[in-house]
Amino acid sequence: MKKINMMKNILITMAATAILLTASCAKKTPADMSSNGADQSQTYGMNGSNGYGSDSEGFHVNALTAPSNQVYYFGFNESDVHQSDMKALLIQANYLANHTGSKVRLEGNTDNRGSREYNIGLGWRRDQAVARILEQQGVRPGQIQMISYGKEKPAAQGNNEHAWALNRRVVFVYTQK
Amino acid sequence: MRRLKKIIFVIFILTILPSYAAIKLELTQGVNSAIPIAIVPFANQTNNVPNNTTMTAVIQTDLQNSGEFRVIGANNPSTDLAYWKKQSANDVILGKIQQINAEQYQVSFQLINLYAPAGQTNILLDQKFTVTQSGLRVLAHHISNLIYQQLTGVRGIFSTKIAYILVQRPQNQPPQYNLIVADEDGFDPRILLRSSQPLMSPTWMPNGKKLAYVSFENNQASIYEQDLRTGNRQLISQYPGINNAPAFSPNGNRLALVLTRTGNPNIYIMDLQTKQLTQITNDYSIDTEPTWSPDGKSIYFTSNRTGDPEIYRYDFATRQTSRITFDGNYNARACVSPDNNMIALMHRENGLFSIAKQDLSSGKLTILTQAGLDDSPSLAPNGKMVLYGSRFADRGVLGMVSMDGRVKLRLPAQEGSVQDPAWSPFLN
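The listed protein sequences correspond, in order, to chains A and B. First residue of the first sequence: 683, per my numbering; consecutive thereafter. First residue of the second sequence: 33, per my numbering; consecutive thereafter.
No lab work stands behind these hints, which were simulated from the structure alone. Be a bit skeptical, because a hint or two may be false.
[Unchecked claim] Some residues of chain B that are not near chain A, with every Cβ distance over 10 Å (derived): (1) Y115; (2) T162; (3) N251; (4) I274; (5) T292; (6) I318; (7) N336; (8) N372; (9) R380; (10) N382; (11) L397; (12) T398; (13) D407.
[Unchecked claim] To give a feel for the contact side, a few chain B residues facing chain A, derived at Cβ under 8 Å: (14) P82; (15) D220; (16) F248; (17) G273; (18) G339; (19) R365; (20) I399; (21) A403; (22) L405; (23) D452.
Just so you know, even glycine gets a beta-carbon here, dropped at the ideal spot from N, CA and C.
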């Protein structure tokens, strides 16, 4: 099962790399970088308000351009990156691998159930899952900073499936582009 | 009296919190099978005790909330012992307040047992104190301690403090995280630290003079140690990755903590003098929430090495680790009782998180709370009560439950959420 998934990942990586090469080559002017400006002021941590780049449910919609800040959501008690996020993540991975001076911070978060300190560990697991994919793509460990907030920094308030789903996330922030 | 003055001095230096952020203790579940006691209003007492109350109102609340006492005939001024015997009181407290000058009051009280065997004195306590007006509340708690200890044989916790995190979420503004220390009954909250980034895991140094906590300021998890009197703080740990779950050893010389120096969360012991680290666990699993046994010979911690979080004990002498919890599939964040016989912990059943206790010799687990989202248990220094985080009306509140499960109390903030509490050691 794992091997098949790995194969899939590799195939997706190759496909994404191809997309990225065309996309990023065409888009490497300072003007274009600044046009991405709105993306830098993400709505994460804003109580799930429906600002720029969120769907009707309040979930962040990841841009398929790099460098752009991202949010990856996770299932209950899970630390595997969703297949549907792989494309966006691999685009960022490729950018980071090709721009060794750029840096990213991964902020792992959990929903508000369970022990505070144990949840720090669970948030960390999610960071690790994202970092592993980045490193598989050639991103250097020194480019990745990881922090886990556990359940201490919720994006959405409330005790319901929707709030929990919004909070189980890794926020992917460029600290240097 | 010297001690009382010292306590006042310590809290004086810290910032006064706006009153809207105060928390107030509310009894939510009482008991019947407790010692019936009559607290006669002290002669000449007025509402001049801080928080606009009286000496006997403070003592009454203390004793009632402990779950060990049932206060009868409240506010009845009768000093007739025969009357109180007829009301089936076991003991009576009588007292008197005298203002001796502009600043000072003399307070005397007696604890009288109504069923003393023939030939034995029925006056169990008879004491006199001199305090300033601002010290009247501190003194009332002190008297509660004396009565509690005399009648139960156990040291009272009415002069202890609690640390907790207050989170304020003003609309359309970033949240504010406040580290606060207040009296055990929620009175007199003082801010030690305010941050726009999360604060968590406050923990007391065994001498009660410092707190360690985790701060996420500058997007970096760090453990700090802060002096309660001066407010000065010192960085203890700021390794890349997790710096979490600090816990002082009983002698205060070492700190157990969680770091990700190997990539995975593992438990380390730091010598606080040399800052030298000893790695205790070396696993791929999440190992966290170390807590010391009272003799300092072992630590209990949470690990998901079998897939789900369970409590384990590591013995320093043998370097052996043994599993402690087996009930259900989520047991976490243990706190060891001062007599080393029990742990209080988090337990999940049917998706609900409760505070539970487990007898360490029999292994029997007993659930104490049923609210569903309870976390962060912290034992009173006399082992009789557990303070924990809970939710009520969609806000974070603090709860207290007696270890026998009979008494429950709630401490909500008037505004914002309160969470992540830690009960102080005895402070005098």
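Right, here's what the structure says about each hint:
1. With 10 Å as the threshold on Cβ separation, the claim that B:Y115 sits away from chain A holds: the shortest Cβ distance comes to roughly 51 Å.
2. No Cβ of chain A comes within 10 Å of the Cβ of B:T162; the nearest lies about 44 Å off, and the non-interface call holds.
3. A beta-carbon of chain A is positioned within 10 Å of the beta-carbon of B:N251; the least distance is around 6 Å.
4. Its closest Cβ contact with chain A, about 6 Å, brings B:I274 to no more than 10 Å, contrary to its assignment away from the interface.
5. At roughly 7 Å from the closest C-beta of chain A, the C-beta of B:T292 falls inside 10 Å, breaking its exclusion from the interface.
6. Under the 10 Å C-beta cut-off, the non-interface status given to B:I318 relative to chain A is violated; the minimum distance is some 3 Å.
7. The non-interface label for B:N336 is inconsistent with chain A: the shortest C-beta to C-beta separation is roughly 8 Å, within 10 Å.
8. With a closest Cβ-Cβ approach of about 22 Å to chain A, B:N372 is found to remain outside the 10 Å limit, as its non-interface label requires.
9. A Cβ of chain A approaches the Cβ of B:R380 within 10 Å, the least distance being about 8 Å, so the stated non-interface status is violated.
10. Separation of B:N382 from chain A is adequate, the least Cβ-Cβ distance of about 13 Å exceeding the 10 Å criterion.
11. Every beta carbon of chain A lies more than 10 Å from that of B:L397, the smallest distance being close to 16 Å; the non-interface claim holds.
12. Once the 10 Å rule is applied to beta carbons, B:T398 is consistent with being away from chain A; the minimum gap is 19 Å.
13. With a least CB separation of 6 Å from chain A, B:D407 falls inside the 10 Å interface cut-off, contrary to its annotation.
14. Taking 8 Å as the C-beta cut-off, the interface hint given for B:P82 is violated, the closest approach to chain A being about 32 Å.
15. Interface restraint check: B:D220 against chain A, minimum CB-CB distance 25 Å, threshold 8 Å, status violated.
16. With a least beta-carbon distance of about 7 Å to chain A, the hint placing B:F248 at the interface is held under the 8 Å criterion.
17. The restraint placing B:G273 at the interface with chain A holds, with a minimum CB-CB distance near 6 Å, inside the 8 Å limit.
18. For B:G339, the interface hint is violated, the least distance from its beta-carbon to any beta-carbon of chain A being 10 Å, above 8 Å.
19. At its closest, the beta carbon of B:R365 sits 5 Å from a beta carbon of chain A; the interface hint therefore holds under the 8 Å criterion.
20. For B:I399, the interface hint is violated, since its Cβ never comes within 8 Å of a Cβ in chain A; the closest pair sits about 16 Å apart.
21. Taking 8 Å as the C-beta contact cut-off toward chain A, the hint placing B:A403 at the interface is violated, the least distance being around 11 Å.
22. With a least beta-carbon distance of about 7 Å to chain A, the hint placing B:L405 at the interface is held under the 8 Å criterion.
23. At its closest, the beta carbon of B:D452 sits 6 Å from a beta carbon of chain A; the interface hint therefore holds under the 8 Å criterion.
In this structure, the hints that do not hold are numbers 3, 4, 5, 6, 7, 9, 13, 14, 15, 18, 20 and 21, in rising order.
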